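Between the sequences and the hints, there should be enough to build the whole structure, so can you do that?
Going line by line, the protein sequences match chains D and X. In terms of the working numbering, the first sequence opens at residue 377 and continues consecutively. In terms of the working numbering, the second sequence opens at residue 108 and continues consecutively.
Bear in mind the hints are in silico, worked out from the structure with no lab data behind them. Just so you know, these numbers come straight off a predicted model, no measurement behind them. Heads up, a few of these hints could be off.
[Said to hold, decoys possible] Coverage of chain D stretches by chain X, computed from C-beta distances (three or more under 8 Å per stretch; other residues unrestricted):
{"id": "1", "stretch": "424-438"}
{"id": "2", "stretch": "449-461"}
{"id": "3", "stretch": "476-490"}
[As the list claims (entries may be wrong)] Away from chain D, derived, C-beta distances all over 12 Å, residues of chain X:
{"id": "4", "residue": "Ala297"}
{"id": "5", "residue": "Ile314"}
{"id": "6", "residue": "Tyr368"}
Quick reminder that beta carbons are idealized off the backbone N, C-alpha and C, glycines included.
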Amino acid sequence: MLFLAEDLRFAPPGCGPVLDGVRLVLNPRELVDITGPSGSGKTTLLRALARLLPGVTGTLVFAGAPASEVVPGEWRRHIALLPQRATMRSGCVRHNLSLPWNLRVRGAETRPTDALLREALDGVGLAEIELDRDATKLSVGQAARISLLRVMLTAPDILLLDEPDANLDDASAEQVRAMIERFVDGGGSVVRVRHLRSDDLAARRYRLADGHLSEVL
Amino acid sequence: MPETTAGGVIAISWLQLAMATGFVVFVGILSMRLALGIEKDLAIATVRTYIQLIVLGLVLRWVFGIDSPWIVLAILALMMAAAAQTIVKRAPDAPRGILGSSMLTMLLTGFTVTFAVTGLIVQVDPWYRAQYVIPIAGMVLGNSMNGVALALERTFADMDTHAEEILALVALGASPWEASGDIVRVAIRAGLIPTINSMAAAGLVFIPGMMTGQVLAGADPLHAAYYQIVVMLMVSAATALGSVMAVLLSFRRRFSADGVYLEKGYRT
Chain D
377 MLFLAEDLRF
387 APPGCGPVLD
397 GVRLVLNPRE
407 LVDITGPSGS
417 GKTTLLRALA
427 RLLPGVTGTL
437 VFAGAPASEV
447 VPGEWRRHIA
457 LLPQRATMRS
467 GCVRHNLSLP
477 WNLRVRGAET
487 RPTDALLREA
497 LDGVGLAEIE
507 LDRDATKLSV
517 GQAARISLLR
527 VMLTAPDILL
537 LDEPDANLDD
547 ASAEQVRAMI
557 ERFVDGGGSV
567 VRVRHLRSDD
577 LAARRYRLAD
587 GHLSEVL
Chain X
108 MPETTAGGVI
118 AISWLQLAMA
128 TGFVVFVGIL
138 SMRLALGIEK
148 DLAIATVRTY
158 IQLIVLGLVL
168 RWVFGIDSPW
178 IVLAILALMM
188 AAAAQTIVKR
198 APDAPRGILG
208 SSMLTMLLTG
218 FTVTFAVTGL
228 IVQVDPWYRA
238 QYVIPIAGMV
248 LGNSMNGVAL
258 ALERTFADMD
268 THAEEILALV
278 ALGASPWEAS
288 GDIVRVAIRA
298 GLIPTINSMA
308 AAGLVFIPGM
318 MTGQVLAGAD
328 PLHAAYYQIV
338 VMLMVSAATA
348 LGSVMAVLLS
358 FRRRFSADGV
368 YLEKGYRT
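Structure below.
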């Protein structure tokens, strides 16, 4: 077991519980899907796993270490959440892809070279995107792939993906699927929130409803 | 015949006050005729102008007569508290609990800049002379209060607008400052623009208030201009320092201890 979440409980201030004792297990090189009706708290659950949910209680364990023994910044280096909507900061594609290395938490790491960024873009069907291109003028599908590429370049152990192919055209969705598959083949684990389309990537499936997470057999 | 006072100002009698009020009454009638709906606010504002300024005049007359450093300091403290309270009211998007940092900001910038003007530049003797200290403190505090309130409101409103972006950056490992620094910088700049604009337009579009007062009181216009330059520069400095300080002291409050942005719905 690589990752364990147990008895996660969360109720937004003044509201009823969204997570009501959730348990989730993730093994190395495994992709699990979380489905459930919209508004059932799938995004909330992903945020809890990345320790990005203020007010959640419960136990999180990664690689044998409980969350209480790991500082949040370090935790998020291993367990990376990609929010549903791609975020591009003003500036060029190069700036956006190398953004994580401008952060103090990765100050000691060497930033990716242009050659590596170029190769990475080519590998996800974005050969036509120049590194100098204005990142705020990308299409939805391009921005989605670039933000997924950005988080993958930081080489996390676990990726938390919130509907990574929602609102994407078929070609972009297929590229995103291939990127996720390569990430898992390369040794990564993924928790993926899904709404509609299903594919054959998931090893196991969970369903979140009424605050409870149950495995779908 | 209007009588002239020692300072060269032509004194205004109650009759002349009544005439000025007559113009406001005329506007009020106009408002009713055109259904503008401002007559009630106008009446309240007029009454407040009367009461507040007359009370101010009486208080200042009393303070000038007493000539005590403690009274001057007490009045400055009251002015700062009122400014901090106003900032909190004018920045409804800011997190609760910014009264303390607003107070500290007003205290530091207000005291430093006021006494820099009166002590180092104008060299008032004694240092607490109310006739100089209180009006200058009023200008410094009033202007920096506006700038600080604007910068704070802008900071927290913009942070809410960019909550998703902040979340994405924090998820990549960004600290609160790394995730919101760009937004904070833009907000501070926005808070300073009115001040810089008013410096740039001074003397072209309007005669600044303090210079107007001195010229009316019979001062040499060039000397009045020197005074006004000192005050404008110091007021801009106070606004800049105050905005930077207030925003830096308070932006972290919108993040949890774990460095997560507290967007609407996650705030307790």
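Interface-negative label, Ile314/X against chain D, beta-carbon threshold 12 Å
The claim holds: Ile314/X sits with its nearest Cβ about 41 Å from chain D, beyond 12 Å.
Taking 8 Å as the C-beta cutoff, is the stated coverage of the stretch 424-438 of chain D by chain X satisfied by three or more residues?
holds (count 6)
Can you tell me if the stretch 449-461 of chain D counts as covered by chain X, using C-beta to C-beta distances under 8 Å and a minimum of three residues?
holds (count 8)
Confirm or reject the statement that Ala297/X sits farther than 12 Å, beta carbon to beta carbon, from all of chain D.
For Ala297/X, whose nearest Cβ neighbour in chain D is about 17 Å away, the distance exceeds 12 Å, so it holds.
Given coverage of the stretch 476-490 of chain D by chain X, checked by CB-CB distance under 8 Å (3 or more):
Since 6 is at least three, the answer is holds.
Test the statement that Tyr368/X is away from the interface with chain D: the closest C-beta pair must be farther apart than 12 Å.
violated (9 Å)
Of the numbered hints given earlier, the model fails hint 6 alone.
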